[in-house]
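Visitor: Following the hints, complete the assembly by docking chain B onto the known chain A.
If you want the building blocks of each chain, they are given just below.
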Amino acid sequence: MSKVIERPRYVCALGGAIGTIQSLPRAIPILHSSSGCGGNLAGALSGASGYNGGNYCGGQALPSSNVSERDIVFGGEGRLQEQIENTLKVMDGDLYFVVTGCMVEMIGDNVHAVTKRFKGGDLPVLAAETVSFKGNSYYGYELVLETLFRDFVEKTTEKDAKTVNLWGVVPMQDVFWKGNLGVLKNLLKKLGIETNTFFGQGETLDNLKNAAKASLNIVVSDAYGIEAAKVFEEVHGVPYLTVQLPVGDHGTSRFLRTVGKTLGVDDIKIEKLIQEERKAYYPYLERLADVYNDLDFQRYATVVGDPNYTQALTRFLADDLGWLPELVVITDILAEEQKERVLATFGEYESGLRPEIVFDEDASSVGGYINRHWPQNQGQKYYKGFAPGVILGSVMERDTAEQFKVPLLSVTYPISNRVVLNRAYAGYTGGLTLAEDVLSLVVAHR
Amino acid sequence: MDYIKHKVPPVREDRLMACQAYGGTCGDLSRDSKKGCLYASKRTFSQTQGCQLNLSLGMISSMRDAVMVIHSPIGCGGNLIQNAGINKVFQKLRQESAVGLRWINTNLSEVDVISGGEAKLRQAVLKAEREFRPSAILVFNSCVPALIGDDIDGILDDLQKQVSAKIVPIHCEGFKTKIQATAYDSVYHGLIRNLVGEDNDSQPAVVRTPEEEAEHQAVISKTVNLLNVGSMSRIDEEELVRLLKALDLNVRILPSYSHPDDFVYAHEAALNVSICATHDDYFVEHFQQMYGIPYVMRTIPIGIANTNKWLRDIASFFGIEEQAEKLIAAETAELKQAIEPFKAELKGKTAFLTGGEVRILTTAELLHNLGFEILGLRGYHFDKYGEILLDEYLEDVPNSEKAIFNIGSGQVFEQANLLSKITPDLFVGHIGVNGSAAKQGYPIFPLFGQSDDYLGYKGVFEVAARVSRILKNPAFNKNLGSHTRLPYRDSWYEQDPFTYIDDSASVAARIG
Chain A
1 MSKVIERPRY VCALGGAIGT IQSLPRAIPI LHSSSGCGGN LAGALSGASG
51 YNGGNYCGGQ ALPSSNVSER DIVFGGEGRL QEQIENTLKV MDGDLYFVVT
101 GCMVEMIGDN VHAVTKRFKG GDLPVLAAET VSFKGNSYYG YELVLETLFR
151 DFVEKTTEKD AKTVNLWGVV PMQDVFWKGN LGVLKNLLKK LGIETNTFFG
201 QGETLDNLKN AAKASLNIVV SDAYGIEAAK VFEEVHGVPY LTVQLPVGDH
251 GTSRFLRTVG KTLGVDDIKI EKLIQEERKA YYPYLERLAD VYNDLDFQRY
301 ATVVGDPNYT QALTRFLADD LGWLPELVVI TDILAEEQKE RVLATFGEYE
351 SGLRPEIVFD EDASSVGGYI NRHWPQNQGQ KYYKGFAPGV ILGSVMERDT
401 AEQFKVPLLS VTYPISNRVV LNRAYAGYTG GLTLAEDVLS LVVAHR
Chain B
1 MDYIKHKVPP VREDRLMACQ AYGGTCGDLS RDSKKGCLYA SKRTFSQTQG
51 CQLNLSLGMI SSMRDAVMVI HSPIGCGGNL IQNAGINKVF QKLRQESAVG
101 LRWINTNLSE VDVISGGEAK LRQAVLKAER EFRPSAILVF NSCVPALIGD
151 DIDGILDDLQ KQVSAKIVPI HCEGFKTKIQ ATAYDSVYHG LIRNLVGEDN
201 DSQPAVVRTP EEEAEHQAVI SKTVNLLNVG SMSRIDEEEL VRLLKALDLN
251 VRILPSYSHP DDFVYAHEAA LNVSICATHD DYFVEHFQQM YGIPYVMRTI
301 PIGIANTNKW LRDIASFFGI EEQAEKLIAA ETAELKQAIE PFKAELKGKT
351 AFLTGGEVRI LTTAELLHNL GFEILGLRGY HFDKYGEILL DEYLEDVPNS
401 EKAIFNIGSG QVFEQANLLS KITPDLFVGH IGVNGSAAKQ GYPIFPLFGQ
451 SDDYLGYKGV FEVAARVSRI LKNPAFNKNL GSHTRLPYRD SWYEQDPFTY
501 IDDSASVAAR IG
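For the protein sequence lines, the chains are A and B, in the order given. For the first sequence, full-length UniProt numbering begins at 1 and goes up steadily by one. For the second sequence, full-length UniProt numbering begins at 1 and goes up steadily by one.
One chain only, chain A, in its complex shape (with noise of 0.2 Å):
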């Protein structure tokens, strides 16, 4: 049985789904849902998002079939339909796609034989079961992937070895998706690479629609994407690639060598581009140098969060930064075999750090795992506990900073006590908006 949850950080397959295409350009979500869902999820998907907003047709804008009491009575594809052929005319998108709730799967509405009737429109319609007791925002994130590589995009023969796609950073629920996208892309470009990444700016469904033309899939994450991968794969004969999302020069370096080796890149090449943004990176870290030192700002660190961003944040604080980032609470709803994924991904350290990592997805429980890996003050006269210390989590966490008294930075899904534009985080130039992130937090203390 699933576990009740105490404080989600992640909403239903609905809401990822609708999450999903609302953030691909020009993407028309139509929602075959009780009239509820698309406000229930508009918080989630806009305030918690950095104040993400809606993008182009988001929040109330969602068209809606808004199935209620009769229509479960009997059955909502008349409804269905009709709300398709009018969305046709009142919205204005080159993609339309069709995401379900719980209801009209319990009474059995066959969405992709009413969706089947707008085939060889001018406008593609696709549609996707996105049943929220099936799943949370990562599997509706992977349905709509799913979807969009067997339905949207076109087959060809017609292979180029310098093109790959990249996908496995969840818009919405990294915060920083579109930033973080661009910086990955530009990095590759620099390998001689070109990147749809689908979601980033500046692209258009045509990135999309000739996907099939790339020589790999770079799936940025050891926990999401990777069945849309698979599908890939099956459908349109494109292998894929795991790797981490990459912070700082650690990481990032990692990254650059396992994506340029996949692709044939020269060893020279790679290393010639690692050595130049090393050259960029490392005179913005010298800035620090004497205040790193003379205020003594190494710091204990708790991250809390989704598995992209936990191992991208320690390995940035273990080896970038020399801070002692011991304990990782990881709160995604993973599968055995998935854990065992991302727990390799904490490993191979420069510094050596082994870090206690626990999976739990109750937001209060952080607190108790604190107290234990820096056991609680028994009234000892000597007693060392988690001081000096920050917290790299989400919002959440509000309350467990105040009550160790440690500054927290929001890093990982939700975030409302940050607005989020272009920051980015991913690569080298994302590492030292990090380090100027929490580094002002601790300076804003004193």
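Just so you know, the hints here were simulated from the structure itself, not pulled from any lab data. A virtual CB, placed ideally from N, CA and C, is assigned to each residue, including glycine. Check before you lean on any hint, since a few could be wrong.
[What the hints assert, rightly or not] On the chain B side, residues computed to face chain A include the following (Cβ under 7 Å): (1) Q49; (2) G85; (3) N107; (4) A475.
Guide: Structure of chain B alone, referenced to chain A:
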């Protein structure tokens, strides 16, 4: 009204014949509403909106020392995530030791849908008790458990014997109604059934001497329940408390931001004072029927005219009209002088308002008194309470017959179309629709806000000052208007904004 003995309250479509799709003028609406044939209309194209669960959480998730259990698949209650970690500051305005939002989602999976979600509901309630020891556990029931037939009330009755927190079931399945305001009935239903009144099983009844009892009754005879709403700020509450205290009344504030204990003696009051019929009619009617407590509920104290009406209604109940008139005279004289400069500045400007029927009609009157011409209104829904207010509005505001009136929650495509045609100087909107109007370039005044005041006499001045400030530099939204695009085809703006409202059923009812 006597629904309290039922497990679940009726939906507003049935109870109030509430309408959720209409397009016409204020005059048309007043006439059509009286014929009672609006409720059957529907949309053939629609956009998403909120649900009962959404609004129930909006109303009562602020309750202090409570834990919410959301019995649903993982996504329901998703809006809470944006408030986790930041909402505490508002609770702290009422109680320094308040903690932030706490909730547990039962995370119903496919297996649970087949075999029932009852075990997880138990698990969640026991976890809430064990981890947090709250005073109350509010259990919100979503669509899925309703359809699979979980016996929520049976389980919770049983669990109540095992936990010390008071358990409050709130039945708020989204699919049952398109009138979100039904949520208010669901919440009040749960609160009245489970929190109001002493629990003599768990603690002995209070014993008083005859003198103490007389004194107690004297206090009750001057005590009012001021029913707040989730959209009210603490400053709003303070302004209304100031006015009621000026009439020598004791004030108890319920239900948003309350503590579960605040309800125990809620029936020890002389009068229930509502500021919004949409929010409170279920509560006040039941309190009248169950405890004989009368109520005042005609209007919200927004703007001078409505604040005066509200105070006069209350004063007339206590027979202190003279005292109230003195207060009103002093307050209005001072206020009128203070807003004079704004009136000169705002004269001849035009406005469009959207939000709850009670709030928009009264705010429109306030703006009218500041010199605005009101071009149109959009209400979330419309029922008999709106009808009364609309008729008063038509009387108070000359030439308002021809102003547009559109009904629908969300449905921003209709709004976008309307705005492109009537181009007001100012847009006044409920959260959720303002971003859309902003992208059309309009200066926006939010209809309510957790950090600002709107109500009473002070509210009039503050609204005037803020509207004047906002109109001084609308550059941000102007930039958006020039450089962003709403997701509608150009052809949509050429059509009638009400193209997708299907009122054939109500036309048939009218003819029949």
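Visitor: Does each hint fit the structure? Answer for all of them.
Guide: These are the hints, each one checked on the structure:
no.: 1; hint: Q49; in the structure: 5 Å, holds
no.: 2; hint: G85; in the structure: 4 Å, holds
no.: 3; hint: N107; in the structure: 5 Å, holds
no.: 4; hint: A475; in the structure: 18 Å, violated
Hint compliance for this structure: hint 4 is the single one not met.
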